[in-house]
Amino acid sequence: MGPATPTWVFLGAALVLAAACLPISHYYNENYGRVTLSTRQQMRVAVVAVIGAPVFFGASLLARSRADWSLDLPVNPTAALFALLMLAAVAVSVGLRAHHVIIWGAVLVAGLLPVWDGADPSNIGLVLAGVAIVATGILDHRLLVRTFGSAKGLDLENSNAGA
Amino acid sequence: MPERNDELILDRLIHEPSRLAILTVLSSVIDADFVFLQRTTGLTKGNLSSHLTKLEDAGLVEIVKRFVRRKPNTNVALTALGKKRIAHHWVQLERLKSFSEAPGQK
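Those sequence lines, one after another, are chains Y and B. The letter at position 54 of the first sequence is residue 54 when you use this note's numbering, and the numbering goes up by one with no holes. The letter at position 13 of the second sequence is residue 13 when you use this note's numbering, and the numbering goes up by one with no holes.
Bound conformation, chain Y alone (with noise of 0.2 Å):
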């Protein structure tokens, strides 16, 4: 069994995901302001996109492949490259904090010991990865809440009309 087979539960998490971003995003351009990153930034953002995700699918499907030249080794390459692709990702984009550093470390090390014998653990990876995106974000959030207040702590009534 591949990554989250059948493939239309992994379309459907998709689109699921893909709607539940449209309120999130919509809270944080209500309450923390919309911003048109420069295009350096941009550039790394897109860089990071157009080559991290095919490396991801690619190295994935490489290492789970029964080809004889495949990994025959006991780990889980899903979860591991997941990992290092959100480190790279961070990293190049806005920058490594701790949480990031912990939470993902410790996803590569989980995915990288060799204790997953038997069945295709890929789905379990991309459930750990699921956790681990959850964890990220609610700290991310609380970072966010602490360096600029919360969303309540600003008078944001008219704040569009200011200038």
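Hints were generated in silico from the structure; no laboratory data involved. Keep in mind that a hint or two might mislead.
Keeping only pairs whose Cα atoms sit at most 30 Å apart, straight-line, the calculated BS3-like set for lysine-lysine is [what the hints assert, rightly or not]:
no., chain 1, residue 1, chain 2, residue 2
1, Y, K152, B, K54
2, Y, K152, B, K71
3, B, K54, B, K84
4, B, K45, Y, K152
5, B, K65, Y, K152
Once you've looked at the hints, dock chain B against the given chain Y.
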């Protein structure tokens, strides 16, 4: 009396802490809206509004009022002059710092 060094004189319009914060934030992005500037500078609505007006009058920022999802939204970006002046200001500050650290200046 020491000689006046014009190269080390700071631009008062930019050097005011709130305006320096606004211009520095704007110099790191393409544009930002009023709420983002309020969050990052910690200024009140009235203060931010007043400083933005001064910066706009000086031609350092461009303010665009628009509607986003039917709500008024004020978007701010540095003008070419603003980019030049804030970059020059930071160079001046660096010069001033190196001048104060230079041997024999104490």
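Now for the hints, and whether the structure bears them out:
| no. | hint | result |
| --- | --- | --- |
| 1 | Y:K152 x B:K54 | 28 Å, holds |
| 2 | Y:K152 x B:K71 | 18 Å, holds |
| 3 | B:K54 x B:K84 | 17 Å, holds |
| 4 | B:K45 x Y:K152 | 14 Å, holds |
| 5 | B:K65 x Y:K152 | 24 Å, holds |
Violated hints are absent here; each numbered hint is respected by the structure.
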